[in-house]
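Participant: Residues per chain are reported as follows:
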Amino acid sequence: MIALTMIARVVDGLPLAASIEEDEQSGRDLQQYQSQAKQLCRKLNTQSPDRCTLEAGDMDFHYLIAQGICYLCLCEASFPKKIAFAYLEDLHNEFYDQYGKKVNTAMRPYSFIEFDTYIQKTKKTYVDSRARRNLGSINTELHDVQRIMVANIEEVLQRGEALSVLDTKASNLSTLSKKYRSDAKYLNTRSAYAKVAAVAVFFITLIIYLRFWWL
Amino acid sequence: MSTAGFNSQNGTGTGQAYANGPSQNPVGLQQLPGVSYGMTHQPTYNPMQAKAPAPPGPGLYPTAAYQSGPPVSSYQSGPAHTSYPPPPGQPLLTRPAMGTPPSHTPPQSASPNHGPRMPLPRATPPPPAVSSSSYYSNPQQQPIAPSWQYNTAPAPMGPPPSLSAPPCGPLANHTNPSSSSTVPPPPTLTAYSSPQPAYGSHSATQPPGPRMPSTSHLGYTQPGAAPPPLNPMLSHTYQPSRPAYGPPPTGPPPLGPPPAGPSPAMTSTPPSTAPPLANVTPPPPKADGTLAGNGPQSPNNFNSIDNKMAGLPQPGLPGRHLGHYPSLPPGYQNAAAPHKPTSPMHPTMQAATQPYSQTTQPYQQPHGGPGPAQLSPSLAALSLQSSSPEALRVVNLLQERNLLPPGPIPAPTPCLPQDLQKINCNPEVFRCTLTSIPQTQSLLNKAKMPLGLLLHPFKDLSLPVVTSSTIVRCRSCRTYINPFVSFLDQRRWKCNLCYRVNDVPEEFMYNPVSRSYGEPHKRPEVQNATIEFIAPSEYMLRPPQPAVYLFLLDVSHNAVETGYLTVFCQSLLDNINALPGDSRTKVGFITFDSTIHFYNLQEGLSQPQMLIVSDIEDIFLPTPDSLLVNLNECKELVQDLLRSLPSLFEKTMETQSALGSALQAAFKLLSPTGGRMSVFQTQLPNLGVGALQSREDPNQRASAKDIQHLSPATDFYKKLALDCSGQQVAVDLFLLSSQYCDLASLGCISRYSAGSVYYYPSYHHQHNPAQVERFQKELKRYLTRKIGFEAVMRIRCTKGLSIHTFHGNFFVRSTDLLSLPNVNPDAGFAVQMSIEENLDDMQVVSFQAALLYTSSKGERRIRVHTLCLPVVNSLSDVFAGADVQAMAGLLACMAVDRSVTASLSDARDALTNAAIDSLSSYRQSVLTIQQPGLLAPACLRFFPLYVLALLKQKAYRTGTSTRLDERVFAMCQLKYQPLAYAMLMIHPALYRVDDLTDEGALNINERTIPQPRVLQLSVEKLSREGAFLMDTGMVLYLWIGRNCHPNFLTQVLGVPSYATVPENLYLLPELDTAESQRIRAFIGWLRDQRPFFPTLHVIRDESQLKASFMQNMIEDRTESALSYYEFLLHLQQQISK
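As given, the protein sequences belong to chains A and B, one line each in that order.
Per UniProt numbering, the first sequence starts with residue 1, numbered consecutively.
Per UniProt numbering, the second sequence starts with residue 1, numbered consecutively.
In case anyone wonders, no lab produced these hints; they're calculated from the structure.
Quantities reported herein were computed from a predicted structural model and do not represent experimental measurements.
Errors might be hidden in some of the hints.
Said to hold, decoys possible - With a straight-line cut-off of 16 Å between C-alpha atoms, the simulated EDC-like cross-links for lysine to aspartate or glutamate are:
#1 Lys123/A x Asp625/B
#2 Lys121/A x Asp625/B
#3 Lys121/A x Glu633/B
#4 Lys121/A x Asp841/B
#5 Lys1021/B x Glu999/B
#6 Lys799/B x Asp816/B
#7 Lys799/B x Asp841/B
#8 Lys124/A x Glu603/B
#9 Lys635/B x Asp715/B
#10 Lys857/B x Glu55/A
As the list claims (entries may be wrong) - Quick list of the computed label-pair ranges, beta carbon to beta carbon:
#11 Asp97/A x Asn575/B: 48 to 58 Å
#12 Asp12/A x Met610/B: 26 to 36 Å
#13 Leu173/A x Lys719/B: 58 to 68 Å
Glycine included, C-beta positions come from ideal geometry on N, C-alpha and C.
Please work from the sequences and hints to get the whole structure.
Facilitator: Here's what the structure looks like:
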């Protein structure tokens, strides 16, 4: 089953189109997956691998990035991966055809929500097991599907967090070292002053001694 | 970014940052995103909608303290008892038992006097409105519910007024010039002043006080009580000869013989009592130079009648007594008319021609949004003159004959500095009952006026739309930035609701309109009080839903009989391309009788496939998809179905209706996406879940006793509505029925799911063409009007004020979040407010309503309205700012709740008391000089009229035969209609249309629309020579006088004589004459102004509808209700106690 489909712009994670799941049974958890999907779209950037499967509990996110657009779907873990990616490819072809040029000028979220109609229809063909047999061609096209990277959604979502923790730590470190440096400087100056003062006292004492008692 | 987490572009990783669809306010994140869809059935409903037996606690109208205090109470005696037996054991002392002893009228002494003095005709049943005794039928309950606005601790209510007993006490700044130039108080004043210190706990030993004025009242009341010449209802004619206000019973001679009754009756009035009050009464203070000056040149109806009257030989009449009314100096007669700066154009029309003035010149402010901080000096200066002479001009209602201005009454303008007022919210969208907010709750309690807001948030407007990735909002209270915030400097702004200082985000520094940088105060958000934002994806929990329309059609025998199916199918066929939506729009159909029929409209089928589910106990969907189909792809099939549907059930003999199961099925079908469910029902559902029984006893329709069964019989519909609300499904109910359908129960399905209710009593395709036309027109509007899906609305107000009760159709999800699965441009809302903290150091307060919705095109939008109002600290300023129409609208809503939770008579009492309280408070606290008569500030001069109109409104009237469904429907309408339309339902407009001229006419789209004068609703204004149009909002009546000029008959109606006017005429023939064009233009213009379609009935004297026409003559007496003048006398009597 394909539970959720989402199309977003990679640059800023702006959702462009999505399909509402009409399945009642999974309705409960979907809320959480929705927000995960949104976050994921924001995390992705041009450096991300362009095909990836992310495991999220008993569901898998599959995504495909092409021409700066991310196509994401949520399937049950048992759902064949190649069909999922064939589905995403199909969406890409159609979506890029229809809206490819307008993607970069889109301002508001879900600007191309009308694509939903196509998503729904395509989904039906891919989910229907009888129709799936007719899609034999995908076997050949997607022979390299095995090489698709698999990662865990939590890792991906938390990667950014770890980085930011690192960042905070680093900045903490740098402030600390700055503080250390200024403290050290201060200490240095103080000890220098102390030395100078000691020497001065010594010489003054010497002069006074020479002056009053020596002569 | 100023709003961390929420606005941050790349998400800080917390899922909760999404404000998700419904809960637009992340501040309310306690209710997690999931919850918003997951429907928590917390007991957060309107307390008022609780079921009947609830005590009148914090709910509707005055709770304990309110009632115990005011002097209104003392009317408990006399005939009132017949209808409302006081609680056992306390036959006469109802009020005293309630706490603060209403010392002013020791009931024991008062009651014997009152009985006979009741201004009631012998034959009429006692008007329940009058008896406030049963306000609390159960004195022991006595809850001091703190949420009630009038409610203070008894202590502050009591002593202070008694200290300030000299009426001029606390009113140092009463700056009414006209009243200061008043004639010295007439001698009778002494009688009045003694009862003056009415409030308070200062001993109950005052018998002489009240008695004195009441004897003098005798003079007033008697004329009213004098048996009317004819019973207006029986006489059934407009008879100008009927005395308008009791006393002058002399028939103007033009028609027929004067009725026999009056003269002898009048002779019985003791003339001795009358003179001191009636005749000696000097012209009221407002008869100042200007008024007196232009009085004479304005000959009007009234004058001429007077003259005729004077000319009549009326031997036995105690002329002086009667004379007091007509014999007033002419000055007052037109006093009401020309004072307000009414433009010759109707304001509504102005709005129509330039729909929203702010859009036409949005960015022309010289200097944008000067915050309140900079304004304080100018405001201070203003507050001095705020009690504008006009609003506070004292009006003696008893002498004010022609109260109504010629055109519609404009909304009062809040007393704000020019530049703030210019950008303030349009009163048609956002209106407050008090345009000057009192500083403290105690001041509000003193004024005794309801405080609340009336909104029409989704009105059809063209608005400036802002697209921006960050919407600037206050970080702590989530208020949207608005014109009334103050900018501390370039980078910081101060919220006008919670006073928190916020940063201006970088993006906001750039102004897209002027393409300049560094001028945040010139952004459109800060220049417009009404604005729309395109919401970023943080405001969406799920992708915007498509427009989904599901139609649920009753096809039982009864339904087929009415023939509505043909009209429905034809309308939908005609408008199928105009349904709002995009390429995703989905439609579906379900029909039902004793079984449920689904229609498979899957693409590729050659014709629609009907699937019948007969297991109504455990309903299921016969096929998982294809019941809701994409309209664009399956249009052929849908059209096929619509064409065949009417004939499909032609022969059905099935009489039962399983509405409950059909609703459940429809809910199942819609719940994955949400959408709109339109239910067409023609009979009482009598099968399966949600079956109802007839509860109406036709014999009780006219009873003056309490009306039963105003509350729902089952909570099935409410529960289902709440489920629907949770899944973003709204249910609209079309009730087409000739029999009782229990709208009180069925209506719940729409009320809690934010739907709308339409009711077509006795709909029949042949017998009732007017209803058919109305159904057609309203269906067209319904199908094609704008719609917002999965909406929520939140109303915020400045710290210190709090909103405690909401009115309208919605579900209150959290304390201030209204869940509106659908929102439509014809829905109005009202809220009640109280002042929780003193607004001491504030010059202005603001209110903001934010409506988040998904448009039919799949855009998520936020519409924000902000209203700014001044704060005042003197009672006279509070009165000066009263918006009487808004007050009437709010009172109507409150009374609906009260009728449901308590009883109709309670609600009626509350309405009467509202008028008594505010006027007596005005008299005691604001007026410096006490004069006889019923004095009101000019801004409240319509208040008694509107209250009386409400009492005679279908929703609240007693004694007149009213079907239960019609009554309930009227109640729904009062709550649901925006104020502009509700006002017409309350107080219809009457025009004379046989002599329309182009003088003062409007010119719209090359069409000339005459503007006749609005007349008082009194038979006195009718004449047999004329034709009159009455506009009651839903219905237009064109009444043709018996001696109507033949020219009018031929030119407009196309008939040669009066006798040939057809009995059921619903359409004016399109004749090519100037008269016909004028009147059709005028009617067309009236119709264009409202979203629903008022049907036109042409009526003659013999018509059946004449009774309903005459029932709207609210200034006249009916069998069971007081005339306006009697009502005023009653008020006066109550007030001066």
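Participant: Each hint needs a verdict: does it hold in this structure or not?
Facilitator: Going through the hints against the structure:
1. Lys123/A x Asp625/B: holds (14 Å)
2. Lys121/A x Asp625/B: holds (12 Å)
3. Lys121/A x Glu633/B: At roughly 12 Å apart (the allowed maximum being 16 Å), glutamate 633/B and lysine 121/A satisfy the hint.
4. Lys121/A x Asp841/B: Cα-Cα ~62 Å, so violated.
5. Lys1021/B x Glu999/B: Since the Cα atoms of lysine 1021/B and glutamate 999/B sit roughly 21 Å apart, the hinted pair is violated (cutoff 16 Å).
6. Lys799/B x Asp816/B: holds (14 Å)
7. Lys799/B x Asp841/B: holds (12 Å)
8. Lys124/A x Glu603/B: holds (14 Å)
9. Lys635/B x Asp715/B: violated (38 Å)
10. Lys857/B x Glu55/A: violated (34 Å)
11. Asp97/A x Asn575/B: 48 to 58 Å: violated (33 Å)
12. Asp12/A x Met610/B: 26 to 36 Å: violated (49 Å)
13. Leu173/A x Lys719/B: 58 to 68 Å: Hint holds: Cβ distance 60 Å, inside 58 to 68 Å.
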